[in-house]
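Q: Fit chain C to the given chain A structure using the hints.
Chains as they are written, first to last, in our numbering: chain A, 1 to 113; chain C, 1 to 115.
None of these hints come from the bench; they were simulated from the model. Careful, some of the hints might be misleading.
[What the hints assert, rightly or not] Distance windows between CB atoms, simulated:
#, chain 1, residue 1, chain 2, residue 2, range
1, C, T13, A, G53, 31 to 39 Å
2, C, L39, A, L7, 17 to 25 Å
3, A, A1, C, L39, 23 to 31 Å
[What the hints assert, rightly or not] List time: in silico DSS-like cross-link candidates among lysine-lysine, alpha-carbon distance up to 27 Å:
#, chain 1, residue 1, chain 2, residue 2
4, A, K69, A, K58
5, C, K57, A, K49
6, C, K42, A, K58
7, A, K49, C, K42
8, C, K42, C, K78
Every residue gets a Cβ at the ideal spot worked out from N, C-alpha and C, and that includes glycine.
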Amino acid sequence: AQSVTQLDSQVPVFEEAPVELRCNYSSSVSVYLFWYVQYPNQGLQLLLKYLSGSTLVKGINGFEAEFNKSQTSFHLRKPSVHISDTAEYFCAVSALNDYKLSFGAGTTVTVRA
Amino acid sequence: EPEVTQTPSHQVTQMGQEVILRCVPISNHLYFYWYRQILGQKVEFLVSFYNNEISEKSEIFDDQFSVERPDGSNFTLKIRSTKLEDSAMYFCASSEGPSQGNTQYFGPGTRLLVL
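Bound-form chain A, shown alone:
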């Protein structure tokens, strides 16, 4: 079975500052990794994914994440946040041979002016 730990439940950040959201996973098999964002009163939107290849993946809205197999991490970063990035961010994992997603508890990002 896979599990995901998001190390920060809340991240306050000022507008135009960088942000990093930490995600660690546990799995005995190879995995696919995903970040989803949930804006207030909306559903889950795919931000980016790691399937294979380059460990640095770029997603929508200027976000990127780096897969680190030795650290079993998949941290999400954005160099300069906007007010509109205020949302909850979820890291998720699935095994290559298993289609269900296992989610972390989520990180709430609040961007202040």
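A: What follows is chain C alone, placed relative to chain A:
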């Protein structure tokens, strides 16, 4: 851009009543899922569905739950006799399959409140 849709957006029901949550997956997708998120908790997998049958289900998905693809476009989740603890946001998702790492696309959710 194609998207997953869900109806209704909100549902209030009395304990013991049956509810049906509806989803229209992305049209060329072959795999369908239901997840739920109880307020303040993680998003949890309920069930996956492929080729007109359940491919995997979680411990949460007991005999009170069922899924169906009644036609070529809809995918439904039925809860036969709702309990207070079924109150949650229910998300439907769909994916093409293994070719894209089984990337799942989610609907906006149905917020179910059981009184």
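Q: Now tell me, hint by hint, if it's right for this structure.
A: Taking the hints in turn, this is what the structure says about them:
| no. | hint | in the structure |
| --- | --- | --- |
| 1 | T13/C <-> G53/A: 31 to 39 Å | violated, 46 Å |
| 2 | L39/C <-> L7/A: 17 to 25 Å | holds, 22 Å |
| 3 | A1/A <-> L39/C: 23 to 31 Å | holds, 24 Å |
| 4 | K69/A <-> K58/A | holds, 17 Å |
| 5 | K57/C <-> K49/A | holds, 24 Å |
| 6 | K42/C <-> K58/A | holds, 25 Å |
| 7 | K49/A <-> K42/C | holds, 19 Å |
| 8 | K42/C <-> K78/C | holds, 21 Å |
Hint check: a violation occurs at hint 1 only; the rest are consistent with the structure.
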